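Number of protein chains: 2
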Amino acid sequence: SLLDLILRSWKLSLIDWSPLVNQDRNVAGKMSQNGTTDRILTLDSMNPSIKKVEYAVRGPIVTRAVEMEKELKQGVKKPFTEVIKANIGDAHAMGQKPITFLRQVSALCAYPELLNDNKFPEDAKQKAVRVLQACGGQSIGSYSASQGIEIIRQDVAKYIEKRDGGIPSSADDIYLSTGASDSIVTMLKLLVAGEGACRTGVLIPIPQYPLYSAALAELRAVQVNYFLDEENCWALDIKELRRSLEEARKHCNPKVLCIINPGNPTGQVQSRKCIEDVIRFAAEEKLFLMADEVYQDNVYAKGCAFHSFKKVLFEMGPKYSDVVELASFHSTSKGFMGECGFRGGYMEVVNMDLAVKAQLTKLVSVRLCPPVTGQVVLDVVVNPPQPGDPSYKQFVAEKQVVLGDLAEKARLTEEILNQAPGIRCNPVQGAMYSFPRIHIPERAVRLAKEEGQAPDMFFCMKLLEETGICVVPGSGFGQREGTHHFRMLQPRLLNK
Amino acid sequence: SLLDLILRSWKLSLIDWSPLVNQDRNVAGKMSQNGTTDRILTLDSMNPSIKKVEYAVRGPIVTRAVEMEKELKQGVKKPFTEVIKANIGDAHAMGQKPITFLRQVSALCAYPELLNDNKFPEDAKQKAVRVLQACGGQSIGSYSASQGIEIIRQDVAKYIEKRDGGIPSSADDIYLSTGASDSIVTMLKLLVAGEGACRTGVLIPIPQYPLYSAALAELRAVQVNYFLDEENCWALDIKELRRSLEEARKHCNPKVLCIINPGNPTGQVQSRKCIEDVIRFAAEEKLFLMADEVYQDNVYAKGCAFHSFKKVLFEMGPKYSDVVELASFHSTSKGFMGECGFRGGYMEVVNMDLAVKAQLTKLVSVRLCPPVTGQVVLDVVVNPPQPGDPSYKQFVAEKQVVLGDLAEKARLTEEILNQAPGIRCNPVQGAMYSFPRIHIPERAVRLAKEEGQAPDMFFCMKLLEETGICVVPGSGFGQREGTHHFRMLQPRLLNK
Chain C
1 SLLDLILRSW KLSLIDWSPL VNQDRNVAGK MSQNGTTDRI LTLDSMNPSI KKVEYAVRGP
61 IVTRAVEMEK ELKQGVKKPF TEVIKANIGD AHAMGQKPIT FLRQVSALCA YPELLNDNKF
121 PEDAKQKAVR VLQACGGQSI GSYSASQGIE IIRQDVAKYI EKRDGGIPSS ADDIYLSTGA
181 SDSIVTMLKL LVAGEGACRT GVLIPIPQYP LYSAALAELR AVQVNYFLDE ENCWALDIKE
241 LRRSLEEARK HCNPKVLCII NPGNPTGQVQ SRKCIEDVIR FAAEEKLFLM ADEVYQDNVY
301 AKGCAFHSFK KVLFEMGPKY SDVVELASFH STSKGFMGEC GFRGGYMEVV NMDLAVKAQL
361 TKLVSVRLCP PVTGQVVLDV VVNPPQPGDP SYKQFVAEKQ VVLGDLAEKA RLTEEILNQA
421 PGIRCNPVQG AMYSFPRIHI PERAVRLAKE EGQAPDMFFC MKLLEETGIC VVPGSGFGQR
481 EGTHHFRMLQ PRLLNK
Chain P
1 SLLDLILRSW KLSLIDWSPL VNQDRNVAGK MSQNGTTDRI LTLDSMNPSI KKVEYAVRGP
61 IVTRAVEMEK ELKQGVKKPF TEVIKANIGD AHAMGQKPIT FLRQVSALCA YPELLNDNKF
121 PEDAKQKAVR VLQACGGQSI GSYSASQGIE IIRQDVAKYI EKRDGGIPSS ADDIYLSTGA
181 SDSIVTMLKL LVAGEGACRT GVLIPIPQYP LYSAALAELR AVQVNYFLDE ENCWALDIKE
241 LRRSLEEARK HCNPKVLCII NPGNPTGQVQ SRKCIEDVIR FAAEEKLFLM ADEVYQDNVY
301 AKGCAFHSFK KVLFEMGPKY SDVVELASFH STSKGFMGEC GFRGGYMEVV NMDLAVKAQL
361 TKLVSVRLCP PVTGQVVLDV VVNPPQPGDP SYKQFVAEKQ VVLGDLAEKA RLTEEILNQA
421 PGIRCNPVQG AMYSFPRIHI PERAVRLAKE EGQAPDMFFC MKLLEETGIC VVPGSGFGQR
481 EGTHHFRMLQ PRLLNK
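Going line by line, the protein sequences match chains C and P.
For the first sequence, UniProt numbering assigns the number 1 to the initial residue and increments by one for each residue that follows.
For the second sequence, UniProt numbering assigns the number 1 to the initial residue and increments by one for each residue that follows.
Please note: incorrect hints may appear among the correct ones.
Any copy, or any two copies together, can satisfy a pair, since identical chains are not distinguished.
In the BS3-like style, the derived pairs of lysine-lysine whose C-alpha atoms are separated by at most 25 Å in a straight line are [what the hints assert, rightly or not]:
id: 1; residue 1: 73; residue 2: 449
id: 2; residue 1: 239; residue 2: 158
id: 3; residue 1: 97; residue 2: 125
id: 4; residue 1: 52; residue 2: 362
id: 5; residue 1: 77; residue 2: 286
Think of the hints as simulated: they come from the structure by calculation, not from any bench.
None of these values were measured; they are calculated from a predicted model.
Build the full structure now, drawing on both the sequences and the hints.
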């Protein structure tokens with residue numbers, strides 16, 4: 001059981017860490033032997049901004065997990081028979097089943113011969129035909145418009161209007177993307193300017209999803225941290241936001257505020273009141289809002305509900321809705337569909353200067369278009385079967401099973417983790433992860449620090465080696481100094 | 001016929017341009033009225049590097065083409081009934097049919113229920129099963145490894161070995177990508193460093209594919225132009241390369257040499273001798289080679305053959321093959337498959353420093369993975385049906401039809417364009433475009449320049465308005481001062 005695994009892993013922090021430390025040193029040795037050749041592209045000559053990029057979710061711990069999977073296949077004996085990759089929100093890899101309707105439409109679009117096959121329901125066929133007719137030469141092998149296929153952007157706009165109780169949305173403000181990461185980086189690219197004390201500062205929550213820190217390092221923007229309140233279920237605290245902003249103004253030009261709601265890795269769901277406070281703060285302090293809302297369908301805790309920044313903004317009236325600039329991000333990789341491999345997503349921009357929008361459109365055109373296969377998946381997500389359609393009942397049933405499972409896992413994970421000594425876990429209100437705090441003994445912390453390694457990285461490596469569970473150390477997301485955490489995708493608890 | 005269209009369009013350059021000029025001025029007026037608001041993100045405050053990005057292939061001319069399509073649908077009368085988008089190498093949009101086997105495998109991977117359907121050939125099923133087994137949870141909805149699915153990278157390596165007569169290739173050196181653009185930009189990102197006179201210079205051919213100039217603008221690298229020799233069928237001339245390099249050394253640190261072979265937009269195919277010269281030059285001058293070889297399957301002219309830079313490099317012996325650093329790019333968007341919408345491709349790196357490779361792997365991991373649907377398409381391209389397989393004959397026949405059509409169109413385009421007065425077109429040896437030189441009357445050039453517009457842009461806009469043919473002005477690719485060209489995708493000539 002998970003409890004067993006966690007308890008077993010927990011005992012690891014009490015044992016001798018030194019073999020692992022030495023092993024790590026050898027790996028470092030192997031890497032540097034290569035630096036002696038007279039190459040053009042070397043660690044010294046390469047782009048220094050790229051060197052600073054970190055992305056723990058797919059870092060050394062995952063490399064080791066993949067190696068271990070190969071070792072298991074080769075018959076190497078380990079205390080487990082399977083590596084569980086809880087490092088990343090990869091739903092299907094964790095056993096979640098794809099939604100049938102979504103895959104039917106995908107298959108019909110890929111191979112339109114199937115439109116003559118009576119095994120496919122009529123509504124799937126109609127949807128496929130509608131998308132194909134919007135493609136050049138009626139083929140998903142054609143490039144789409146760089147902003148995305150127009151009818152799909154219209155469907156997204158309608159979906160947003162419905163979600164937000166009728167607040168208007170326009171297809172012109174929708175940009176389809178290659179997952180959400182793509183458009184988040186694109187928006188940051190547009191926003192970053194200036195040098196020295198005029199360099200753009202970007203406020204991000206700590207803990208954060210490391211795409212943000214990675215993109216800011218690459219763009220040489222100033223990362224401005226505001227800490228979420230662990231004691232208060234990782235809530236966003238406006239006082240802390242203000243402290244962070246004022247501090248940042250001494251050395252850079254902070255003009256962007258990033259919010260992740262529901263939280264990744266922290267799983268909190270923002271209250272409506274908190275969102276209003278953030279919007280007022282952004283308006284007063286002239287901050288461009290970036291709302292990462294990719295987990296909007298993943299809200300589990302009683303009393304919690306997802307409120308989109310756009311809806312709250314417009315309900316606050318024209319004093320705010322005429323002024324505050326906002327970009328909101330969504331993805332096909334999360335929610336109930338979990339179609340990460342299709343790399344679909346969209347961004348909606350609100351109150352964007354028209355001339356800047358022309359620049360944005362130009363910028364996305366350089367990469368030609370988001371994958372059309374991902375656009376097709378997105379279209380099903382925002383325009384699903386309706387009551388009366390042949391696929392409606394099955395679609396809704398499958399969706400409910402996935403969301404029900406995720407809710408149950410969220411509850412159980414919190415409950416079980418909090419039973420383990422030395423682990424403390426906030427309620428998982430939403431998203432797909434737990435981010436428990438762990439106590440690591442002083443001696444182990446010292447040993448790790450002497451080696452220039454984060455103590456939680458050692459903990460997670462040890463957890464992986466001994467239990468086969470691959471999680472990501474809290475240092476990969478940021479945490480208050482002296483605290484340690486890890487992020488774990490909700491595991492396959494239920495033998496489903 | 002094409003000849004009619006070209007002739008008709010050609011007469012346009014002799015008529016009065018002023019209405020068009022004025023119309024354009026109004027558009028500019030509309031754009032700037034928006035700059036008066038008190039926004040955070042404005043043309044003034046935004047990233048200045050992004051403002052410098054240009055990408056003519058999807059620029060204003062395409063925006064207008066899309067508008068015109070809508071006007072036609074709304075019943076607006078025009079001298080034509082269809083807009084022909086010859087601006088981009090979008091094969092399926094121009095009527096090319098997808099390869100059946102490729103789409104069968106895609107559909108099987110998207111909807112594995114179809115594995116029970118006896119309408120699908122066994123080899124398609126086997127291929128789909130093999131890919132699915134390499135996916136987490138056997139679903140293409142899972143993230144793949146960031147570098148790409150391992151068995152697909154192995155298939156790519158085998159494909160390269162076969163193409164290059166047995167020269168070894170390793171899956172470790174293969175990075176799958178979101179189209180070729182993705183990995184080209186990633187490599188440039190790694191390579192660009194330094195400030196002022198130490199800033200990285202990147203040599204690119206002129207005319208070039210504007211992804212290069214766009215990426216260099218965004219990365220603030222120094223674009224170093226070397227001119228291809230129009231009088232000599234757009235051949236690369238080492239003397240010109242040397243002139244360009246020496247000139248660049250006065251103000252930057254040139255360390256990258258980009259080659260596009262077969263040429264885009266220029267359609268030349270490099271001789272083996274020329275490739276050897278370039279490799280020797282790169283070795284002597286310590287330049288990192290980037291070989292854009294996405295049109296490697298598109299070679300038509302008699303006596304021309306594609307030679308990969310890697311093959312030539314290794315056949316030149318260890319003096320070069322142990323030293324020269326090379327990245328080569330390929331794509332699923334061109335060749336015989338033309339599957340642009342799937343956004344598939346790969347990069348092979350040669351002689352890359354191991355520590356830099358670790359940085360590269362880290363960098364691609366931030367975007368999680370290339371679309372798995374594109375990886376599936378790539379796998380079929382590099383590991384197609386073999387003699388004896390049930391799909392072999394049909395696959396080969398379909399491939400031959402596409403390549404035969406493209407070859408015939410290349411020949412006819414050149415022949416017909418050269419019959420038009422004021423147009424001169426080099427032989428189209430490879431790739432998918434013609435890049436004819438056009439004579440624009442002095443008066444029209446003057447008028448356009450007074451308005452700060454490129455004369456060839458006016459020509460192409462007029463061509464679009466009067467004939468419905470959308471082509472890209474030569475200024476979008478670069479051309480010698482005082483000359484004018486346009487790039488045109490080989491049109492649907494043959495009523496196929």
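Each hint tested on the structure:
no.: 1; hint: 73 - 449; in the structure: neither (34 Å within a copy, 68 Å between copies)
no.: 2; hint: 239 - 158; in the structure: neither (36 Å within a copy, 59 Å between copies)
no.: 3; hint: 97 - 125; in the structure: both (21 Å within a copy, 20 Å between copies)
no.: 4; hint: 52 - 362; in the structure: between (28 Å within a copy, 11 Å between copies)
no.: 5; hint: 77 - 286; in the structure: neither (58 Å within a copy, 48 Å between copies)
In the structure shown, a violation is registered for the earlier hints numbered 1, 2 and 5, in ascending order.
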